[in-house]
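K.L.:
In order, the protein sequences belong to chains Z and G.
For the first sequence, the working numbering begins at 1 and goes up steadily by one.
For the second sequence, the working numbering begins at 428 and goes up steadily by one.
Note that these hints are calculated values from the structure, not bench results.
Keep in mind it's a predicted model, so treat the numbers as computed, not measured.
We put the beta carbon where it would ideally sit given N, CA and C, even for glycine.
Honestly, I wouldn't trust all of these hints.
To be verified - Just the calculated beta-carbon pair ranges, DEER-fashion: (1) D495/G / E209/Z: 33 to 41 Å; (2) E339/Z / G609/G: 21 to 29 Å; (3) T613/G / E308/Z: 54 to 62 Å; (4) K509/G / K420/Z: 42 to 50 Å; (5) D123/Z / P605/G: 46 to 54 Å.
Unchecked claim - Derived BS3-like pairs (lysine-lysine); straight-line CA-CA distance at most 25 Å: (6) K690/G / K324/Z; (7) K420/Z / K453/G; (8) K690/G / K343/Z; (9) K690/G / K333/Z; (10) K86/Z / K98/Z; (11) K415/Z / K453/G; (12) K98/Z / K70/Z; (13) K420/Z / K653/G; (14) K51/Z / K98/Z; (15) K461/G / K420/Z; (16) K653/G / K415/Z; (17) K509/G / K333/Z; (18) K420/Z / K456/G; (19) K509/G / K392/Z; (20) K509/G / K343/Z; (21) K415/Z / K455/G; (22) K381/Z / K392/Z; (23) K211/Z / K199/Z; (24) K454/G / K420/Z; (25) K199/Z / K288/Z; (26) K455/G / K420/Z; (27) K381/Z / K509/G; (28) K454/G / K415/Z; (29) K456/G / K415/Z; (30) K415/Z / K461/G.
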Amino acid sequence: MNTPLGVFIREVKRRSSLTALAILVISAPLPLSAQQDSCVDCHLQMDDALKAPAEGFNADVHKQFGLGCKDCHGGNPNQEDVELAKDRTFVGSPDRAKIPEFCGSCHSDSAYMRKFNPNLRMDQLALYWTSRHGQLLKKGDLSGAVCTDCHGVHGIQSANFPKSQVFPWNIPQTCGRCHSSADTMKAYGIPVQQVDDYKQSVHARALFEKKDLSAPVCNDCHGNHGAAPPEVTSIAFVCRQCHPSAGDLFSKSPHKEAFDALGISECEACHGNHKILQPSDELLAGGKDDICLQCHDSGTEPHRTGLEIKQRIDNYVASSAEAKELLARAERKGVDVGEAQFKLQDSMSALVLARNLTHGLSPSEIEASLGEGAKVLAEVKVSGEASLREAKFRRTGLIIATVFIILLAAALYLKIRDLKRPATHPR
Amino acid sequence: MARLWEKTQAYLEPRFMLSAVRDFAKKKKVPEHKRSFWYFFGGICLFLFIIQVLTGILLLLYYTPSVDAAHESIQFIMSQVKFGWLIRSVHSWTANILVGVIFIHMFSTFFLKAYRPPRELTWITGFLLLVLFLAFGFSGYLLPWNELSFFATRVGTDIAGVIPIIGKALKTFILGGPDVSGATLTRFFWLHVAVLPAFALLIMAIHVILVQTLGMSRPVGIGETKEISFFPEFILKDSLGWLIILAVVGAVCVFLPWEAGPKADPFSSTPLGIKPEWYFTFMFTTLKLVPAHVFTIEGEVLAVLGFMLGGLLLMLVPFLDRRAAREKRSPVFTVIGLAILAYIVVMTGLTYLAPNIGK
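Taking the hints into account, I'd like the entire structure generated from these sequences.
P.N.:
Below you can see the structure in the form of structure tokens.
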């Protein structure tokens, strides 16, 4: 009872004074709330490598949930002496090979994890062992990625946090740390340009330029904890996760059977994999980047069908541009063309649909879609021409009105001049 | 035909005393001198007001004052109604030209010291008309319920909310709630087509009667005693000015029809560079430039109070300029007027030439 608290309690008993009671109330929480964490205190005084864990842990998601060093590393943080702090429970840093099980000891325990985040999946460890990374580790290859390679060690952040290494726009960089390294990948015969290729893709533009977090990154196609390259047969299913309509059309097309027979992956054969560029009409038969020529010789029946499809789309695009220009001219002349512009947008949906229908290779379906759009385009053109006539009518009207006003003004002027000279103009 | 005319005159004469009006018009003279050009701006104001009334009445045929339909009805007027684009463009353009011409009329009257006795009330009613037409502009700007007008109204009413003591209550009264909403649109419509026109017509009637009965003021120091007849010479000259304005308005409306703009979205963020109509920009830029605190008073509060006090002093200038009242030159007031004019021009110019100033 020689602690400050004890001294104050005795004082209260001895004097029974209200003043002392007040002091007790104010001062009592101080010694009680001071909690010792000798791990952080000591590590903060150490050199860089040993100081980093204590510094990084401040921003760690585990700390935010009230966990501390001992929850992973064991030991007794209440002991000031380093030997006493590293008691029987102290486990220190796990070997690299044991990291998945080390993290999984909590992350696969649903009863434990439910206390912190009931929505978090519990199968990450199981998935990990199915991944190429996990299989390498199982074989004793310590180069295979483990939890800490992607999530960090001290300073792990929630995947929803934009600064997290596994937040969508950081994932290409995180994966690229190993997959862009020629030295690391050499042993596995894996090319290293995937991340650079990805950064040129339409998906990367959506992610980095439009900040569209739904745009796919590495893990959306390869998986995350169960990461593995998709097999030829599964590529189409991967793409269909976001492009179901194009996938359905392809499945009904004559290409499906031929691709299956030849063992060619579906979407990838035309669009590529990591470097998937913005598709354009130039990819169609006869275009600058004619991909049909990869399999079909020019002049063959399938290639002619492709040329026919492209011709129809090109005609529609030209007609659409003509209508757009018509409206722009009318707008420049001051006529409201808002409604016609809405219709023009409608006509563009027919083009988008027709472009998607190219996956089905059915000229009749494409024609039907473009036909619907062409009707709308025709209305737009009629409206645009009417707007131009209206502009002409307005200008003509203005000229007539202005001439009339000028004549009236001239007459007024003459009359005023006449009024000023009454004496010289006897009436 | 001549007989019918005589019969009509004979019927109207005892009832309306037309001969008295005719005699008054014949006898009425208007001074003519090197500065009489400025007299015509009053007539132009009247002409533009008549256009406002006529086009406003026509717009009422199709305009719907509700959040769901206001913008759509304006788009309908601009694209579907025969000559709707012309009526609306004339209404919007002449509204702006009218405010500009009112300013010119007011400053020309100020510099010619036409507010000298016995024309004090002519000046005061003229000043009140300026305030009313600024209110017309402010309330009419919101009616198309487009993005610019919505946010400009929000900015404008925020300024009203700064006025000490009554500011918050006044802002709530103007808006019909805490923010710009459907209630604001209804209120502004009510103001624009009912309340303001009633007051404007009343005050304008007093203003015109005063102008007619007291006649035009001859500026201090003008020795010329030449006069012209009000009817027909002055009226014809006035009409010539009206015709020129009409031709200009027609050309502007054909080449630059007033746009409907995108519909207001109260949930979107305020677009960059939002500012009120040009005639409020000198106050808007002042509020941006004024320091946060001047001594212990909030800068914005001080600026708003300054404008209110300045307006009051301007209205009472006939009673302050004692030298002009004694038919003597009053250069001090000329300099003050020039300073006010320069201030308005510079601040308005800064709004458009240096939009990021004060940020």
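K.L.:
Are there hints from earlier that the structure breaks, and if so, what are their numbers?
P.N.:
none
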